[in-house]
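A.B. asks: Spelled out from the first residue to the last, the chains are:
Protein chains: 2
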Amino acid sequence: MTDLIDDMLRRAREARRALAKSSAAQRDDALGKIAAVIDRWDGTILPANAEDMEIAKEQGISSSMLDRLRLNASRLRAISESARAVAALPDPLGEERELGTRPNGLKVSKRRVPLGVIAVVYEARPNVTVECAALCIKSGNAIVLRGGKEAMGSNRVLARAVRQGLADAGLPVDCVQLVHDAGREHVAALLGATGRVDLCIPRGGAKLMEMVDAHAKVPVIRHGQGICHVYVDEGADAKMAAEVAVNAKVSRPGVCNSMETLLVHKSVIDGGLWLEIAKRMRENGVMLRVDERCAKALSDAKIEHLVAKDSDWDTEFLSLELAVRAVDSLDEAMEHIAKHGTEHTASIVSGDRARAERFLREVEASCVLWNASTRFNDGGELGLGAEIGISTSRMHAWGPMGLRELTAEKYVVVGEGQVRG
Amino acid sequence: MTDLIDDMLRRAREARRALAKSSAAQRDDALGKIAAVIDRWDGTILPANAEDMEIAKEQGISSSMLDRLRLNASRLRAISESARAVAALPDPLGEERELGTRPNGLKVSKRRVPLGVIAVVYEARPNVTVECAALCIKSGNAIVLRGGKEAMGSNRVLARAVRQGLADAGLPVDCVQLVHDAGREHVAALLGATGRVDLCIPRGGAKLMEMVDAHAKVPVIRHGQGICHVYVDEGADAKMAAEVAVNAKVSRPGVCNSMETLLVHKSVIDGGLWLEIAKRMRENGVMLRVDERCAKALSDAKIEHLVAKDSDWDTEFLSLELAVRAVDSLDEAMEHIAKHGTEHTASIVSGDRARAERFLREVEASCVLWNASTRFNDGGELGLGAEIGISTSRMHAWGPMGLRELTAEKYVVVGEGQVRG
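For the protein sequence lines, the chains are A and B, in the order given. So in the numbering used here the end of the first sequence lands on 421, straight run, no missing numbers. So in the numbering used here the end of the second sequence lands on 421, straight run, no missing numbers.
Some clues are possibly wrong.
One copy or two, either will do: identical chains are not told apart, so a pair holds if it fits within one copy or between any two.
Below, in silico cross-link-like pairs of lysine to any residue (SDA-like), each with a Cα-Cα straight-line distance of 25 Å or less [unchecked claim]:
1) Lys339 with Phe317
2) Lys309 with Gly285
3) Lys217 with Gly204
4) Lys339 with Glu14
5) Lys57 with Asp291
6) Lys296 with Asp29
7) Lys266 with Lys339
8) Lys107 with Arg361
9) Lys279 with Gly417
10) Lys266 with Thr2
11) Lys107 with Glu243
12) Lys207 with Val218
13) Lys217 with Glu14
Keep in mind that the hints were calculated from the coordinates and are not lab data.
The following block holds chain A by itself, in its conformation from the complex (with noise of 0.2 Å):
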């Protein structure tokens, strides 16, 4: 534990407590007021976005990383529209569930409640500040932030902006809190705060997960690598087939629901399917890391193409590589996706309905499609409204966390005296 992280903890725990016997309508009241603290700051927020692009610039990072890092006045509009977005969702905390009545009369629901404090370890996108803030407050949550250290000078600000909003709803503004330190020890004295942390939300890659398994106490849901995959089935419909993996791999290649790796089946290459594909895909820029069998057919009609490495199969390239191999068999697809998967997502295109279903069961992975792009993975487009990351742990939420996963229910029980025999 360091002291930074000790004092926090104390706040946020502090603040929850407030939080937590707020109305739904303050919060709400609090969202609107931070989006309208962070319309109002933009001549602060921007140039400090610029602050942190040119040192970024400075030190030679990748393109990918400053894209997702760089703010303007529409991306800054879109953060504070996501703050109000969330306060137009329902109210988790207002959820009661009936359980029914026991024969001796005990009447039984569950209802919502906070999960009390929460950690959120992230990397570049300053957006993430202020959705994570908002779901949080949304759930009655307090939150600790540790953003990457690219981003210190945004998430400053916007924190700042958050809390402001905070204020001028009259709730605690421990609510929100922002670690100013970038030094990796708050991280594990985060992971480690058992009974004062419930929840620690880890996004990123494999060496922010080795982080956590060597330092984490707390519960955690893991929002880890999204090593996706495509299986396009024999017989699959070309056009169809072709569409789903370029959209899977090129309209956003730097987010995790995006395809890593392209199975296609044996007769996919020798009906040339897989020609038309390859084709398409090296129309978008994309550089293509294929097994033997691909490359021969590329070989031949002189498409360009790289041989793939084994450690290509475990790799998430956020970026525009692929990684296509051929299988016999739809058992051989889902050898392989059960081998190198992160169970994130996966996606078979077919025209059979068996081979289909067998996937749909079979598969291991949060979300599991047929005939549509993994990019569907996502709490918006499933119907969660906004989310908090993608979780590619089994407890308690697997897949797109929305405002209901940041919540424990408990059980409610009432009685008229009632004793057990």
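Given chain A, work out where chain B should sit, using these hints.
C.D. replies: Leaving out everything else, chain B in the frame of chain A:
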């Protein structure tokens, strides 16, 4: 990692794949066959248990522990019946929730799947061995059982009976494995087996929870101590208050949902109800450990009692001992529960709806009750059928954990070639 656990987990992961693919009928058939083997093997199980009892007596084990360890013909029959009862419950894996069709035509649902490999670490009751195994088989999970060393002889035969039943039903016997070595290093190995144990359920006291704090790397749902409270409010119905309090304490003092601390409003002392409750407790052999205000009334009435020590408020007696404290208000009662409770169970006896609603809303426990005994925080009593224990963790499952809580949900998305814009 110990070699023993390494080998067991390797087998469990392999076995659970076949189990996850089995039909509900096949799993139910296995549970019936397990029950039959237990009934048939009474001549082996009871002598093994008698031997455990002899050794436990030699080692001076407490009488409450001995009672938990003891089997006889009717208790053994209850164990085989518990397996049949689990078979009769609805299949949790058959559940699929439709979440509707998205504007783009995607059909979204959630489907229940097993968690994978579950490790349960528990204490002396041999019935737990069969109950946990039955719940895991039914929910498609492999289980590694690590019971207390006192029950080792009983557990060995019972686990063998379960495996025989699995074999009779054509399911892999390694779905259920018992750790045959009482060394605590194997508990540490289970707790640290990242990626190989999907959930560890520790059921036990403070010592086991310390071990969890020190070693847990895998997802854990604690089934920790129950320091459960009853608060008798101002103006509570006297007869009801006495009935509920006595039932909460004496109906089964050795279990986690029994009351450990009684809080009484000061008016309850002045009005004489406290003396009535105290007399009833004494008639039932309860030793009273009371604060000063409660003690005065008892001294005047010559009712035997002890003066409470500070540590009594944080003690799970699990015996006929009760801490009692007078409070000035509902708020003071709730403060006490927040400070000393274990988020397990709390009940208010009150005729005042507004105060009762505040208690139900503000007290943080897996089960809050109004005018009912704490003993109702139990899977059977709350309508879950059977339970693997009572969770004191908020994440995933809080309170009794039944079959559904032994599963995860994955998103299943069916489209017609949809791509994301």
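A.B. asks: It remains to establish, for every hint, whether it holds in the given structure.
C.D. replies: Hints, one by one, checked against the model:
Taking the shortest Cα distances, Lys339 and Phe317 sit within 25 Å of each other inside one copy (17 Å), while across copies they are farther apart (49 Å). Only within a single protomer do Lys309 and Gly285 lie at most 25 Å apart by alpha-carbon distance; the minimum there is 20 Å, versus 74 Å between protomers. For the homomeric pair Lys217 and Gly204, the shortest alpha-carbon distances inside one copy (18 Å) and between copies (18 Å) are both at most 25 Å. When the C-alpha separation of Lys339 and Glu14 is checked against a cutoff of 25 Å, the pair qualifies only between copies, where the shortest distance is 13 Å, while the shortest distance within a copy is 45 Å.
When the C-alpha separation of Lys57 and Asp291 is checked against a cutoff of 25 Å, the pair qualifies neither within a copy, at 36 Å, nor between copies, at 67 Å. With identical chains, the CA atoms of Lys296 and Asp29 are never at most 25 Å apart, being 61 Å at best within one copy and 51 Å at best between copies. Taking identical chains as interchangeable, the C-alpha atoms of Lys266 and Lys339 lie at most 25 Å apart only when both belong to the same chain, with a minimum of 20 Å there against 64 Å between chains. Taking the shortest alpha-carbon separations for Lys107 and Arg361, only the inter-copy value of 16 Å comes in at or below 25 Å, while the best intra-copy value is 37 Å.
Taking the shortest alpha-carbon separations for Lys279 and Gly417, only the inter-copy value of 19 Å comes in at or below 25 Å, while the best intra-copy value is 74 Å. In this assembly of identical chains, the alpha carbons of Lys266 and Thr2 never lie at most 25 Å apart, being 56 Å within a copy and 43 Å across copies at closest. When the C-alpha separation of Lys107 and Glu243 is checked against a cutoff of 25 Å, the pair qualifies only between copies, where the shortest distance is 19 Å, while the shortest distance within a copy is 52 Å. For a Cα distance limit of 25 Å, the shortest separation of Lys207 from Val218 qualifies both inside one copy, at 18 Å, and across copies, at 18 Å.
For a Cα distance limit of 25 Å, the shortest separation of Lys217 from Glu14 inside one copy, 21 Å, qualifies, whereas the shortest one across copies, 28 Å, does not.
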